[in-house]
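Enquirer: Next come the chains, spelled out residue by residue.
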Amino acid sequence: MWKSDQELTPNAELELTSVEARERLDWLSRATRRVHLAGTEWLPTRRRLVSDGTLFREHREYAPGDEARHVDWHVYARRRELVSKVYEPEERARYAVLADLSGSVVAAGRAKWRTLRLMTAAFASVFLRQGNAVSLAVTQGDEDALAVKHYETPTQAGLIVRHLADAKLGGRSGLRHGISQLTARGRRPAAWIVLSDFHPPRELEALLRRIDSGRVLLIHPTAEGELHPLPRGLRRIGDAEAPRRRWVFVTRRVARRYAELVRAHRREVRSIARMNGAVCFEVDVNEPFDRSAASILHRLASGRTS
Amino acid sequence: MITFERPDLLVYCLSALAIFLLLYWRVRPRPTSMAYFTLWDEAVRASMVNRALPLIRMVRFLTTFLLLVTCALLIAGPVVQRPRAKDWAIVLDLSPSMDVREETGETRLELARRLIERFVAGLEPGDRCALVAATGRPVVVARPDRPRAWFSERLARLETQVDRADLVGAIDIARSQGFEPVVFTDGQEPADGPELERHARVARVGSARANRAIVDLTVRRPSRHGVEVAARTAAFGEPSSEAWMLRLEDPEGKLLAETESVPDGWAVLEVPRRASGRVRLRSVPGDACTWDDDCWLELPSGQPRAIALSVPAGETFHPALNVAAHVLGQAFDLSMREVEANEPLRDDEVLVKEGGRLTWDEVPPEGAIAIGCELEGSLRPVAQDEVVVRGVVLDVDRDHPVSAGLPLDQLRVRTIALVPEAAPSAVLRALVAGPRSLPLIYAARRDGKRVFGTTFPIQESDLPTGMMVVLLGRMLEALAAPETHVPSFLRAGPGEGPWSRTATDAASGGMLDDDLPSPPIEAPRVFWREGETRGAPPTPVEAFLPAESDIGPRLSPGWSGAAPRPRTTEPHSLADVCAILLLMLLFARGLLDFLLGV
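Same order as they appear, the protein sequences are chains A and B.
For what it's worth, the working numbering labels the leading residue of the first sequence as 501, then goes sequentially.
For what it's worth, the working numbering labels the leading residue of the second sequence as 603, then goes sequentially.
Check each hint, because a few of them may be wrong.
To be verified - Derived list of chain A stretches under chain B, where covered just means 3 residues or more per stretch with a C-beta under 8 Å from a C-beta of chain B: (1) 599 to 611; (2) 758 to 765.
Stated by the list, open to error - Facing chain A, from chain B, some residues (calculated, C-beta under 8 Å): (3) Met636; (4) Tyr638; (5) Thr640; (6) Trp642; (7) Val646; (8) Val651; (9) Asn652; (10) Ile658; (11) Arg659; (12) Pro680; (13) Val682; (14) Gln683; (15) Leu858; (16) Ala859; (17) Thr861.
These are computed hints drawn from the structure, not numbers from a lab.
Positions of the beta carbon are idealized from the N, C-alpha and C atoms, including for glycine.
Please model the entire structure based on the sequences and the hints provided.
Expert: Written out as structure tokens, the structure is:
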């Protein structure tokens, strides 16, 4: 870590577009540049040749049929002979990243939704800078369709940050609607990274059932404070994702029961992930996001998924 | 009555409270958005507190509301006006007449002692009593600051004196010391009477006296239905009471009307419309324990009293007639019923019959109204060969009260169903006559019974409902009004009492105004002796209600004279009560929250 924990801004205070966030994303990319998931035990997928590449390898004599843009005109200016540039062929995998910024995440507090957004940016930028393609789908308010964008080159990492920063907060959670958008035009992501609070659990089940290929990684940001979100007394609460209101009287017993139900919800998420062959990580929102992301990537690459 | 030291603050606080209530109901607190709403649903499902949440919210709201209201009241400084305690002076007549023994065996002094004990026991808390012995030289025998036992002891030791009692002097002593005088006397000091009643509340013990007679009487009919009775009374010797009034009662003693207390001279009594027949006029003194004079008289009836509706079996009343009968029933406040054929009628009922045949035996004493009815011996149905159609009004009797002033000359009748019989046994007078002088609307009379009616069915005429109402009403009034306006005074039976007289006595009489002859009125020939007890028993001690000593003289049995001065009030702060209430509410609210685990 290039800074101590005390020097880092907590996730809840860290703006995605800030200089510090960009520096920490850059640090994360450098720290994990050799941590490739593709080809590991968790993701034994073959890399796919997607283009002739962009990295120069050598010159060869021009042959009819070569594209004019590959002719090295500098050499022609100096030596009056036509040579074509030959590039390193590029191979890359496609990662689909789904970020849930729905009402239930936002209602859980600023630390949670900012951590989720930073983690999304972290994973997407890491994968992109490793030369992979990233398809990013983010919930957008009350609209069922997700805001989906596809990123192909490492230079587009900044656009990912902009995409996430512009995402609408709140609304319903409809991650399963993004599956068809992400797999359109024959795109077959090698891995799906889903960041959400996975509430209600049946949404997670529906999502996992619709993913027919690729490995699934679930990132579940959690906080100790969400076990006791309300002080005791008479409170009026509303559903973050539906127009429902009610009065509750929070007593010690009700608060204890609610904490038990939240823990049961987390266990249920893990259970659903296990049954569907997905890997689930719970992330403490109070931990620095870049360290959490690096830890998850290292564990995945080393095959420690449990 | 609760008042406030700072009412403006109360207004401000209550306004703030009203705004609070408005905001409470209109601007509800913004809900806290919850990520796991369904988990909350599940968490509170097993909670008893949340099941009873509406009740708990209501209780908490009420306690909060009451707390705020109590605070507002406390800030405004509530003050209640409580009656100030009074110092009474019991003036006891100790004249020799107080030794007279009544029929019960007690002397008037003993009666007065019991009465005083009863009066003192019924005083308001905090009231004090002084005892003034009214002898030739009045003296205060018990001061108000002495205990009640002392008062009772001194009262028991008082005896009558040989000289006359100076009641006025005793009252002066009481008033000079700021006491409220209450005199207990047998009223045998006539010279003191007026002075006494002007300055003190007087309770008369012993037999009552009355000596005011009705010496003149007039019955007037100032309006169509209203009746006034004017009477003049005169006292013989010392008047038994300064205040007196006239009461009109029915034979059962139920009050029909009464005058306010009036001075000497004519008193006019407005008789309610319902009062008719045999009534009793009484002259009553102010204490209302006895009466001075009375006479029986019979007032003329001013209106019908009941209607019996009769229709041949299987038929119904014509709607216009039905509406008219019900409108009149409500206007005159008459009882109304439907009767079957041959069903006996009451004496006070007017029979209204439509169709069929009416015999004179069926006609009740009050009379009958026959619409299109064959009338025995007077009207018969039209024969086949003498059908009378298109009855056009040719003559209207403008003098008869039934038809006077009505536009009956516009009446059109399609068929006349009845014609007079050849040898009528009854007097038949056509109020509205048609062709061949045939009556369309008539008045018939036989043996003192009267019948009004029409010779055509209503459906055979263009008589509108409004006209029907008016016509039927006039017929009812004509039947109800006596044929002669001379009220017949009734003779009183023997044993009505020495002062009970009737207007037919030689001693007195009734007089009618207007053009009616009236018998001369004379003063009674036999006067009762001054001071004579005339049958009225002594007022029972139980009738002297101390609480009623404050009210008007004519409504409280036994009491007379001037009403005591009204009690003044003194403010008493309710801040301590509000503070206790506030603490109790706070405690209740705290206890509730503690039990709920807040």
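Enquirer: Please flag the earlier hints that this structure goes against, numbers listed from lowest up.
Expert: Failing hints, ascending: 12, 13, 14, 15, 16, 17.
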